[in-house]
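*Asks:* Start from the sequences and build out the full structure, keeping to the hints where you can.
Chains A and B, in that order, give the protein sequences.
Take the first sequence: its letter number 20 is residue 20 in the UniProt record's numbering, and every next letter is one higher.
Take the second sequence: its letter number 87 is residue 87 in the UniProt record's numbering, and every next letter is one higher.
A few of these clues could be false.
Unchecked claim - DEER-style ranges, computed between Cβ atoms:
(1) Gly257(B) x Tyr11(A): 54 to 64 Å
(2) Val49(B) x Gly120(A): 28 to 38 Å
(3) Leu271(B) x Tyr11(A): 52 to 62 Å
Unchecked claim - Per the computed footprint, the stretches of chain B lying under chain A, defined by three or more beta-carbons under 8 Å from a beta-carbon of chain A, are:
(4) 30-42
(5) 92-101
(6) 119-126
Note that these hints are calculated values from the structure, not bench results.
Just so you know, even glycine gets a beta-carbon here, dropped at the ideal spot from N, CA and C.
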Amino acid sequence: MIATESLSKRYPKVTALDRLTMDVGPGVTGLVGSNGAGKSTLIKILLGLAPASEGRAEVLGLDVSTHGGAIRERVGYMPEHDCLPPDVSATEFVVHMARMSGLPPTAARERTADTLRHVGLYEERYRPMGGYSTGMKQRVKLAQALVHDPDLVFLDEPTNGLDPVGRDDMLGLIRRIHADFGISVLVTSHLLGELERTCDHVVVIDGGSLLRSSSTRDFTGATTTLAVEVTDTETHPDGTAALLAALRDRGVTAGSGGVLPGAGHSLLLEEADDETRDLVRDLVVDLGLGLVRMEQGRRHIADVFQADAAGTGQPPHHDPAEPPPAAAAESLRPTAGGGRS
Amino acid sequence: MTVDSTQIHNIGYRKYDGPRLGRSHARRALYSQSLRGAYGLGRSAKSKVLPMLLFAVMCLPAAIMVAVTVTAGLKTLPVDYTRYAVVMQAVIGLYVASQAPQSVSRDLRFKTVPLYFSRPVERVDYVLAKYAAMASALFLLTAVPLLVLYAGALLAELDFADQTAGFGQGMVSVALLSLLFAGIGLVVSAVTPRRGFGIAAVIAVFTITYGAVSTVQAIAFQQGNTEAVGWIGLFSPITLIDGVQTAFLGATSAYPGGAGPSTAGGAVHLLVVLGLIAGCYALLMRRYRKAGL
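*Replies:* Okay, here's the thing in structure tokens:
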């Protein structure tokens, strides 16, 4: 979908992109970086709107420096900033934008009605957009990027300014753009936690160069750690301790849940296989405890970056005072939650 | 389980595989949208009031003149075709001031411009479409009254050849005027994203230059310096048009004493008009170089 080769963009005073080489396939790709990492500059170059200082880039197999027009016909762009005139309705606006993409009048109307419905705007689409909530405005911005049925969309910070519910809705919508509509997505964010749930692939840039690029599965693949949580009973006032002791008798080592809030009552079993799970089940029954949860632990992207920052993955010019992965990790905590088994 | 027959089925996402007509289509669509917008069509009822009112005010005197000519059986029209726009310049100025800012500063203010440039539309398409739309809207405003006069003149059975020549000259004159006024109006309004400032600035440019030029012309004429009167006319849009049409389109000048520029002076006037039109276009192109994304 997108390929860049030692792509650089230098302004008189700053270097926005520094020999960035990356390859993005179909699917939902997250582009993560702190403010000023070069995300917007990259999108500008990929749309063929700004020339690169050096290096080359291809979008949908077309060179951005020579085929900008053809690329812009087949991609959609949702800007980060507000871009909606308040005195026209969403329908009129999106129809106009569809025609600016080259759609004939009737097709523009049909596509507009379809697209607005898909992003979740119904009766309100006939009202002037000045009265819309931030969530509705974001939906219109998304609709104008999708109305001409592009092969690829660039979404610049689509969750900006949204409350947690709106954020979840938007992330779900982004997931659907690929899963249901078959449109590949490049979505930027400075919040790693959001992208973890939405993207197939994550690209991290910092200071205009590539920090890391890999699939979300690599980052967050299921680990072999098993988390177990049990209740206390009359006979065993501390159920967790009782289970821990029983497990130790059978030769299985387990650690306590660690530092996470509410983790005091859970046990973590390293390298648990099916036998261990059966054993835990039998022991819980024998002890007469209630089993609250038994789930496979999952890693989070931020853990990987923390490991990277501490280890060898650190790039030479990385600023240790403000590592963006760690900043992003902060936002991850509240959303942490593994799939229950 | 009963099926609710009123249920709307979600038919899922449909791909679009129809035609994509590209840049030229988008440019035409932007042109017609802007032209309609200049008369409030496709916009709120409130925004139709002023342009429609000004259009009616432009046409009304022409209609009255026609009525007088026909009923009183006059031998000529009360006002020349070329003179009409000069007489009605205040209305034309108001129209430019009200519509040029709404055409360009809205896109700048609400940052819609990047959405255009992220599509096949290029900078030159945007500027051309906006310029052409504004000039066409002005041409409608200034040419329709002339058409009314011409129809009236034929109705009153005035000399056909004479009237047709005059009408033709009038058309050329208002076409030049439309291009010039549209360019100046758009350049001034594209400077600021604030519509109110745009309106005030456009009015200021037209009235202050005209006021200053006509005052200085009157002083020069008083002192008997008729040569200077023509050259001073170079410094305001409407006197420029006046100079051009006096020299080449058989108009009687509205300059003090009716002394228009000589043919050489007229050529300079024409060059300045064409230079201004080209300059306005270049300035608009420059303005939008930085406005993308």
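*Asks:* Each hint should be assessed against the structure and marked as holding or not.
*Replies:* Tested hints:
The supplied range of 54 to 64 Å is met by Gly257(B) and Tyr11(A), whose beta-carbon atoms lie about 58 Å from each other. One distance hint, 28 to 38 Å for the beta-carbon pair Val49(B) and Gly120(A), holds here, with the actual separation near 36 Å. Range check, Leu271(B) to Tyr11(A): about 40 Å between beta-carbon atoms, so the 52 to 62 Å window is missed. A count of 3 residues in the region 30-42 of chain B with a Cβ less than 8 Å from any Cβ of chain A is obtained; the coverage claim is therefore met, three being the minimum.
Under the rule that three or more residues need a Cβ within less than 8 Å of chain A, the assignment of the region 92-101 of chain B is violated, with 0 such residues. Residues of the region 119-126 of chain B lying with their CB closer than 8 Å to a CB of chain A number 4, which satisfies the three-residue condition for coverage.
Of the numbered hints stated above, those contradicted by the structure are hints 3 and 5, listed in ascending order.
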